[in-house]
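K.L.:
So you can see what is in the structure, the chains are spelled out below.
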Amino acid sequence: EAQVTQNPRYLITVTGKKLTVTCSQNMNHEYMSWYRQDPGLGLRQIYYSMNVEVTDKGDVPEGYKVSRKEKRNFPLILESPSPNQTSLYFCASSFKGMIGETQYFGPGTRLLVL
Amino acid sequence: GQNIDQPTEMTATEGAIVQINCTYQTSGFNGLFWYQQHAGEAPTFLSYNVLDGLEEKGRFSSFLSRSKGYSYLLLKELQMKDSASYLCAVPGYSSASKIIFGSGTRLSIRP
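Same order as they appear, the protein sequences are chains F and C.
Under my numbering, think of the first position of the first sequence as 1, with each following residue one higher.
Under my numbering, think of the first position of the second sequence as 1001, with each following residue one higher.
So that you can see chain F by itself, here it is in the shape it has in the complex:
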């Protein structure tokens, strides 16, 4: 089944404890992206990647890192999480990131930083 998977789905952590949220897609997509979703603010793009070893900042990249060493994986790293990073995170992918392409979203990761 074609899908985007994320792990973990739920995570509670404490301020400053490094964490990684994994994202994997099995559709051979070149484009992958991370979003966070907060009440009243909608989905905001954190980072995106057009292909392996090619990443770029979205609108809210501060406090996050990403890497794209393999086509299928695009992990989101929080080196020193803070409470304002408590949010619902979505990973998404599309074929080449071209205009008009549908993005396929993962199921989401709900993060609580205490």
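Source of the hints: derived by calculation from the structure; they are not laboratory data.
Among the clues, some could well be false.
[As the list claims (entries may be wrong)] Each computed PhoX-like pair below joins lysine-lysine, with the alpha-carbon atoms no more than 25 Å apart: (1) F:18 with F:65; (2) F:96 with F:57; (3) F:65 with C:1098; (4) F:96 with C:1098; (5) F:69 with C:1057; (6) C:1057 with C:1076; (7) F:65 with F:96; (8) F:96 with F:71; (9) F:71 with F:57; (10) C:1057 with C:1081; (11) C:1098 with F:57; (12) F:18 with F:57; (13) C:1068 with C:1057; (14) F:71 with C:1098; (15) C:1068 with C:1098.
[Stated by the list, open to error] What follows is a set of in silico ranges between Cβ atoms, one per label pair, in the way DEER data are often shown: (16) C:1017 with F:8: 38 to 48 Å; (17) F:62 with C:1039: 27 to 37 Å; (18) C:1053 with F:110: 33 to 43 Å; (19) F:17 with C:1039: 21 to 31 Å; (20) F:38 with C:1030: 39 to 49 Å; (21) F:99 with C:1076: 22 to 32 Å.
Note that the coordinates shown come from a computational prediction; the quantities given were computed from them, not determined experimentally.
Even for Gly, the Cβ is constructed at its ideal location relative to N, Cα and C.
Based on the hints, put chain C in the right spot on chain F.
P.N.:
Okay, now just chain C, sitting in the frame of chain F:
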């Protein structure tokens, strides 16, 4: 810059028709998306408009007017399962791979 506006909440009755509006301001225009998102779930693609006019897909239709910076999503024969948030989104002006989402319209369907 870019800005997207849509109503925060709407309520409609099962079996009826509802129109969800979206207005946008962009430096350049590369089309407009509509996504559906049920509570706690991932957004799923509904439509993409790049030319003016109405595009119909079953019970859902999407309209675009580029000159007015305006789009709407029309849902007919509403069902309870249509209760969800509807997100309007446009590709970024500097890069089509950046997607700007509106804050979404939460639609509640009452029996």
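K.L.:
Holds or violated: residue 71 of chain F and residue 57 of chain F, Cα atoms, limit 25 Å.
P.N.:
Cα-Cα ~18 Å, so holds.
K.L.:
Could you grab the alpha-carbon distance between residue 96 of chain F and residue 57 of chain F and see if it respects the 25 Å cut-off?
P.N.:
holds, 17 Å
K.L.:
Mind checking the alpha carbons of residue 1098 of chain C and residue 57 of chain F for me, to see if they're no more than 25 Å apart?
P.N.:
holds, 9 Å
K.L.:
Just to be careful, I want the Cα atoms of residue 65 of chain F and residue 96 of chain F compared with a cutoff of 25 Å; is the pair within it?
P.N.:
With Cα atoms ~22 Å apart, residue 65 of chain F and residue 96 of chain F stay inside 25 Å; holds.
K.L.:
Determine whether the Cβ-Cβ distance between residue 1053 of chain C and residue 110 of chain F falls within the hinted range of 33 to 43 Å.
P.N.:
holds, 39 Å
K.L.:
How does the Cβ-Cβ distance of residue 17 of chain F and residue 1039 of chain C compare with 21 to 31 Å: does it lie in that range?
P.N.:
This hint holds: roughly 29 Å between Cβ atoms.
K.L.:
Quick check: does the Cβ-Cβ distance between residue 1017 of chain C and residue 8 of chain F fall within 38 to 48 Å?
P.N.:
Taking Cβ atoms as reference, residue 1017 of chain C and residue 8 of chain F lie about 41 Å apart, which means the hint holds.
K.L.:
When you take the CB atoms of residue 38 of chain F and residue 1030 of chain C, is the distance between them in 39 to 49 Å?
P.N.:
Given about 25 Å between the Cβ atoms, the range is violated.
K.L.:
Keeping to a limit of 25 Å between CA atoms, is the pair of residue 1057 of chain C and residue 1081 of chain C held or broken?
P.N.:
Given pair residue 1057 of chain C, residue 1081 of chain C holds - Cα atoms ~17 Å apart, limit 25 Å.
K.L.:
Quick one, are residue 1057 of chain C and residue 1076 of chain C close enough, alpha carbons at most 25 Å?
P.N.:
holds, 11 Å
K.L.:
Decide if the proposed pair is consistent with the structure: residue 1068 of chain C and residue 1098 of chain C, CA atoms, cutoff 25 Å inclusive.
P.N.:
Distance ~23 Å between residue 1068 of chain C and residue 1098 of chain C Cα, so the pair holds.
K.L.:
Checking one constraint from the list: CA of residue 18 of chain F to CA of residue 57 of chain F, max 25 Å. Satisfied?
P.N.:
OK: residue 18 of chain F and residue 57 of chain F at ~20 Å, within 25 Å.
Checked against the numbered hints above, the structure breaks hints 5 and 20 and satisfies the rest.
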